[in-house]
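Line by line, the protein sequences are chains A and B. Residue numbers 127 to 586, in my numbering, belong to the letters of the first sequence in order. Residue numbers 127 to 586, in my numbering, belong to the letters of the second sequence in order.
I should point out that these hints are in silico values taken from the structure, not numbers from a laboratory. These numbers were taken from a predicted model, which means no experiment stands behind them. Please note that a few of the clues may not be correct.
Since the list gives no way to pick out one identical chain from another, each pair is judged satisfied if it fits inside one copy or across any two copies.
[What the hints assert, rightly or not] DMTMM-like cross-link-like pairs, simulated, lysine to aspartate or glutamate; straight-line CA separation at most 25 Å:
hint, residue 1, residue 2
1, K194, E161
2, K194, D240
3, K154, E143
4, K154, E247
5, K194, E459
6, K194, E247
7, K154, E228
8, K194, D245
9, K154, D245
10, K194, E266
Protein chains: 2
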Amino acid sequence: MAGVGLPAIPLNPDSGEPLYRQLYASIKAGIQSGEIGDGARLPATRELAGQLGVNRATVGLAYELLEKEGLLTAHVGRGTFVRSPAVEDGLISFASSRPDGELFPVEAVQQILDQTARDGEHVRRLLQLGSPLGYQPLREQLASDGPGEVLITSGCQQALDLLARAFVQPGDQVMVEDPVYPGLREVFHRTGIRLIGLPVGEIGLDVEALELALRREHPRMLLVTPDFQNPTGTTLPLEARRRLLELAEGHGVPLVEIAIYRGLRYEGEDIPSLRELDPGPSVIHIGSFSKIAFPGLRVGWVHAPRAVVERLAEAKQWCDLHTDHLSQYLLHEFARSGALEAHRRQVLDAGRERLRAALDALGNCAGLERFTRPQGGMSLWATLRGGLEAERVLETLAGRVAFLPGSAFAVSRRHAQSFRLSFAGLRPAAIRRGIGILSEAARQARAAGERYGAPHMAIV
Amino acid sequence: MAGVGLPAIPLNPDSGEPLYRQLYASIKAGIQSGEIGDGARLPATRELAGQLGVNRATVGLAYELLEKEGLLTAHVGRGTFVRSPAVEDGLISFASSRPDGELFPVEAVQQILDQTARDGEHVRRLLQLGSPLGYQPLREQLASDGPGEVLITSGCQQALDLLARAFVQPGDQVMVEDPVYPGLREVFHRTGIRLIGLPVGEIGLDVEALELALRREHPRMLLVTPDFQNPTGTTLPLEARRRLLELAEGHGVPLVEIAIYRGLRYEGEDIPSLRELDPGPSVIHIGSFSKIAFPGLRVGWVHAPRAVVERLAEAKQWCDLHTDHLSQYLLHEFARSGALEAHRRQVLDAGRERLRAALDALGNCAGLERFTRPQGGMSLWATLRGGLEAERVLETLAGRVAFLPGSAFAVSRRHAQSFRLSFAGLRPAAIRRGIGILSEAARQARAAGERYGAPHMAIV
Chain A
127 MAGVGLPAIP LNPDSGEPLY RQLYASIKAG IQSGEIGDGA RLPATRELAG
177 QLGVNRATVG LAYELLEKEG LLTAHVGRGT FVRSPAVEDG LISFASSRPD
227 GELFPVEAVQ QILDQTARDG EHVRRLLQLG SPLGYQPLRE QLASDGPGEV
277 LITSGCQQAL DLLARAFVQP GDQVMVEDPV YPGLREVFHR TGIRLIGLPV
327 GEIGLDVEAL ELALRREHPR MLLVTPDFQN PTGTTLPLEA RRRLLELAEG
377 HGVPLVEIAI YRGLRYEGED IPSLRELDPG PSVIHIGSFS KIAFPGLRVG
427 WVHAPRAVVE RLAEAKQWCD LHTDHLSQYL LHEFARSGAL EAHRRQVLDA
477 GRERLRAALD ALGNCAGLER FTRPQGGMSL WATLRGGLEA ERVLETLAGR
527 VAFLPGSAFA VSRRHAQSFR LSFAGLRPAA IRRGIGILSE AARQARAAGE
577 RYGAPHMAIV
Chain B
127 MAGVGLPAIP LNPDSGEPLY RQLYASIKAG IQSGEIGDGA RLPATRELAG
177 QLGVNRATVG LAYELLEKEG LLTAHVGRGT FVRSPAVEDG LISFASSRPD
227 GELFPVEAVQ QILDQTARDG EHVRRLLQLG SPLGYQPLRE QLASDGPGEV
277 LITSGCQQAL DLLARAFVQP GDQVMVEDPV YPGLREVFHR TGIRLIGLPV
327 GEIGLDVEAL ELALRREHPR MLLVTPDFQN PTGTTLPLEA RRRLLELAEG
377 HGVPLVEIAI YRGLRYEGED IPSLRELDPG PSVIHIGSFS KIAFPGLRVG
427 WVHAPRAVVE RLAEAKQWCD LHTDHLSQYL LHEFARSGAL EAHRRQVLDA
477 GRERLRAALD ALGNCAGLER FTRPQGGMSL WATLRGGLEA ERVLETLAGR
527 VAFLPGSAFA VSRRHAQSFR LSFAGLRPAA IRRGIGILSE AARQARAAGE
577 RYGAPHMAIV
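Kindly generate the complete structure, drawing on both the sequences and the hints.
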């Protein structure tokens, strides 16, 4: 990759601010505005120093600061590159459904940390051992929207794990959507359970298929993500939610609602959650701050009838005693102060743009049989035409664009021609570029398949 | 309880420091030195203002500061009392082996929080999803003392849980000390494992009993706490450690060293850890910040060969993705800056005093058959004379003094006449008073047992 020209850098030797700080701030602003693009190569220190008429050490110091902040990365023999969380070494990655770190509400968190640092007695209490149930003010805040109790967990992943431990025995059957989030599948695989995958259509879980399955099988638990399901991004309509609740109740199957993407609706109208439709004892609701705020602080929760929460709390005690105090406190403050809601609005604005960019670009992509059209969340699900396998396209892409092939989400079906595109962590320009490259790779892979015959093609 | 006379309080109106701050500092020093005892009643503000010749509001302000720090508590209609974390409403509790919150290095933690709050880009990185292995700088810091890799866990409890998940199958046998920490026992009970309890003597695990047991049984794992074992407080001598390593290696049994109390030696000389004696692949070492620093931030670790760490990391990923970032960072800074070591020295000074107070008071306690004499840690183990059961004494105490009876720590033996005294969370005066009350209760329980006969007495 050739070195890019930097935008004009106005350095003022008389400003009192050291030159290296001015240079640092200027390049940083360029990266953040997008003027200096992800993956761009910066001039070598000697070269830039010459251009600007400054000492080479000045440039070195500025680069060092930028590297420390993760904005630049160096490759031996190749130079210095602008680094984006999802665009590294020129790779555009749709593979991870983590939030975009550049949207993080860093200032609000700094403010809470600063405020915490001032109250010594509060810090003292946070440092002491706590309750397996969680930090009481946060529990109350989260339980305020309905009956039942709240258990704080170390993220949604632990909530799933505790449910598996407390309520499922080896040999039991558990029903999940197919395709499904691999972390959910692994929780149950590990304990020797038979997973039954229910098909997911354009509008989420196929409730008719569920009805048929419940005539033959007696699962110990049914787990559903009604809003912006991972990986498909699909959302279950109101009528299907009502039917789902009836079926679960009629067959006496505990229903777990994974609601971690629910706060991320970019378009359309909210549909009541399963818990809102039935606040009774049959719904176990899982929430998390990871997707609407940030995942590095591991805080999720289960909102459920008291008896369920008590059993989960006992399991939690032998897992890790309790969830980290400082993070529980920080997220409580973050929500209480209104900063969470302000941040969510920004995430929704960015998400709307990114979703639009992804759907538009996919509309121009010739190689697809179909793709889902989510109204929120972080991912969508696309299926290649003519039996072409997603792993074949991934090979053709050779590290320029990444995504997770359908096989990663498989339960009872293979999903070999499908793949997940996680769009929420990428800027619109990268999304468009990435899908363009992907489209071309699909064309090449198809051509190669037609040339060399069957082994690259799956039976549809 | 009658109001106590306060020690002389030297107030200086000309010092420039407000009188209420002088008064506050003076009372606080009295509480911390023990001159003003736990549970003591302070004079009413009017009364103390009169005695000192100051405004009543001055005393009110000083009391308010002390209350905010948790040092005073008010009871309606009864007055203002000195409050200790483990001495509430007159109960002296030896039941919990958590560290004393009053010793927490609050200022050092405040400083780190404050410093973190200033570095926005660093906060941004902490908020993003991390590695199941843990925060890299902390991993490197902890791994620096020898070969192998480090996995960061959500406290020692999770380290035990991950070991059980990754390496033990239902039906396997696992060997542990008997008595043992209940959280360790529960981790293995839950997964359907047969626990074999090995006796613990005055100098820790009975290695001869282990040798005999290993001739008959083939455990999947052996877990030992060589330093200041919970609940007995005992420490394994060097020769026994060497023999233990030989036995474990000879029988091909993975040896787990729980070293979470190891940093808490108040007297005597350090003995090399199992890992130090054998840095090879046969020892899995578990550490934690909970006992030497604070348990509210849930950070522990496993130091072990790479292959072990990789399997644990996979299990960890499906448990909770990774340990909370903010706490990992905070503890890394706490250790790196030297604040951990400074704090540990204070904890050692307090622990030494408390251990001495406990051992002296127990020496005057007539009802005991024997008790262990730890050189560190948080707990010791006492056994009642003449077959008197610890639960009987607990009933006689009727909420004035609390401890955990031996049955709570039982694996293969009952330990009905024994109990754990956790001394590290109480000030020396409370320890002396508590053991005095306990001694009298044991006398009463014995007298009642002799009067009414057998049901209160166990067969020794």
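Hint numbers not upheld by this structure, sorted from lowest to highest: none
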